[in-house]
Amino acid sequence: MSESRQVWGDGLATISADGTILDTWFPAPRTGRIPQGRDPQIVGEGVDRLAVADPRRAVTVDDVTIEIDLDAAPASTPDAYLRLHALSHLLVRPNEVNLDGIFTHLPIVAWTNAGPMHPDDFTRLRPLLLRDGIQVQGLDKFPRLLDYVTPVGVRIADASRVRLGAYLSPGTTVMHEGFVNFNAGTLGVSMVEGRISQGVVVGDGSDIGGGASIMGTLSGGGEHRVSIGARALLGANAGVGISIGDDSVVEAGLYVTAGTKVVLPDRSRRADGTLQSVKAAELSGVPGILFRRNSLTGAVEAVPRTGAGVTLNEVLHA
83 MSESRQVWGD GLATISADGT ILDTWFPAPR TGRIPQGRDP QIVGEGVDRL AVADPRRAVT
143 VDDVTIEIDL DAAPASTPDA YLRLHALSHL LVRPNEVNLD GIFTHLPIVA WTNAGPMHPD
203 DFTRLRPLLL RDGIQVQGLD KFPRLLDYVT PVGVRIADAS RVRLGAYLSP GTTVMHEGFV
263 NFNAGTLGVS MVEGRISQGV VVGDGSDIGG GASIMGTLSG GGEHRVSIGA RALLGANAGV
323 GISIGDDSVV EAGLYVTAGT KVVLPDRSRR ADGTLQSVKA AELSGVPGIL FRRNSLTGAV
383 EAVPRTGAGV TLNEVLHA
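Going by the numbering used here, the sequence shown opens with residue 83, and the numbers climb by one from there.
If you are wondering where the hints come from, they were derived from the structure by calculation, not from laboratory data. Keep in mind the model is a prediction, meaning the values are calculated, not measured. Hints may contain errors.
[To be verified] Here are the simulated distance ranges between beta carbons:
no. : residue 1 : residue 2 : range
1   : Asp222    : Arg175    : 22 to 30 Å
2   : Lys223    : Asp153    : 51 to 59 Å
3   : Thr186    : Gly119    : 31 to 39 Å
4   : Ser377    : Val129    : 54 to 62 Å
5   : His258    : Pro369    : 29 to 37 Å
6   : Val218    : Gly114    : 36 to 44 Å
7   : Thr147    : Ala363    : 44 to 52 Å
8   : Gly235    : Thr205    : 38 to 46 Å
9   : Gln358    : Phe185    : 27 to 35 Å
10  : Gly114    : Gln358    : 21 to 29 Å
11  : Thr147    : Gln219    : 26 to 34 Å
Cβ atoms here follow ideal geometry from the backbone N, Cα and C, with glycine treated the same way.
All chains should be built: construct the whole structure from the sequences, respecting the hints.
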């Protein structure tokens with residue numbers, strides 16, 4: 083087993099009164115095996131003082147040190163959280179870690195401004211919590227990225243729009259309406275104003291326009307992993323269910339799924355005079371294409387593009 087396929091870390095696990103492990107925070111996960119003979123040490127100024135009970139939330143916080151095999155399926159809540167941390171610390175790229183069954187190890191948590199709580203405990207303690215200014219910010223299996231990791235050189239306008247487990251490369255900007263799921267993200271400098279679903283990666287220099295959507299695999303049950311190439315543009319309110327190649331553009335408002343019939347106006351016509359067409363899946367990942375809708379016929383067209391793709395504003399992504 084290769085050493086590069088292990089990740090380990092010292093963390094803090096939050097445990098509810100009924101024994102449910104609600105989360106585990108790993109401030110500084112590492113690749114490889116746990117060094118022999120080392121003393122467990124929570125890295126970070128003052129972090130060790132957090133390993134205490136919080137009666138307001140009916141939780142305790144305990145030290146934990148674990149090592150995981152990235153090729154094996156998650157086996158516990160701390161294991162699942164270490165995988166999400168490995169992604170968000172850029173130790174492993176999306177789709178390069180086994181996440182099979184991860185939902186079974188992530189309990190539904192009441193995420194409050196004072197930390198995670200069991201939902202039943204929040205309901206029971208609501209009057210006391212409200213008195214102390216503790217409010218629920220979400221009820222979900224996944225927490226916000228910024229509650230655990232501060233990605234270097236990244237801008238995130240709305241913390242609630244990026245989940246722990248997102249992979250954000252330096253230079254990425256996620257605007258207010260942008261969304262990045264776990265096991266998804268950017269491989270370079272990118273502008274994100276639309277939705278990056280689970281399993282999707284976006285190449286360097288690409289722009290996901292406002293309201294644009296990239297289909298993932300969680301809801302549809304498909305196997306194809308959609309990717310967006312380098313210097314590509316998804317126009318505002320566009321969407322794709324196929325991979326988009328380098329230097330390609332999808333026109334604003336156009337949704338291209340695998341089964342979309344796409345006309346190829348640059349090719350010779352058929353014997354009956356009609357233009358050739360293919361399913362969009364046949365163009366998946368092909369570079370240098372402009373997907374557009376013909377304003378006269380309504381047909382979706384794919385025409386070759388020449389030169390480089392979009393150019394992002396360097397000042398915004400410095």
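Taking the hints in turn, this is what the structure says about them:
| no. | hint | result |
| --- | --- | --- |
| 1 | Asp222 x Arg175: 22 to 30 Å | 24 Å, holds |
| 2 | Lys223 x Asp153: 51 to 59 Å | 23 Å, violated |
| 3 | Thr186 x Gly119: 31 to 39 Å | 35 Å, holds |
| 4 | Ser377 x Val129: 54 to 62 Å | 58 Å, holds |
| 5 | His258 x Pro369: 29 to 37 Å | 31 Å, holds |
| 6 | Val218 x Gly114: 36 to 44 Å | 38 Å, holds |
| 7 | Thr147 x Ala363: 44 to 52 Å | 46 Å, holds |
| 8 | Gly235 x Thr205: 38 to 46 Å | 40 Å, holds |
| 9 | Gln358 x Phe185: 27 to 35 Å | 44 Å, violated |
| 10 | Gly114 x Gln358: 21 to 29 Å | 53 Å, violated |
| 11 | Thr147 x Gln219: 26 to 34 Å | 29 Å, holds |
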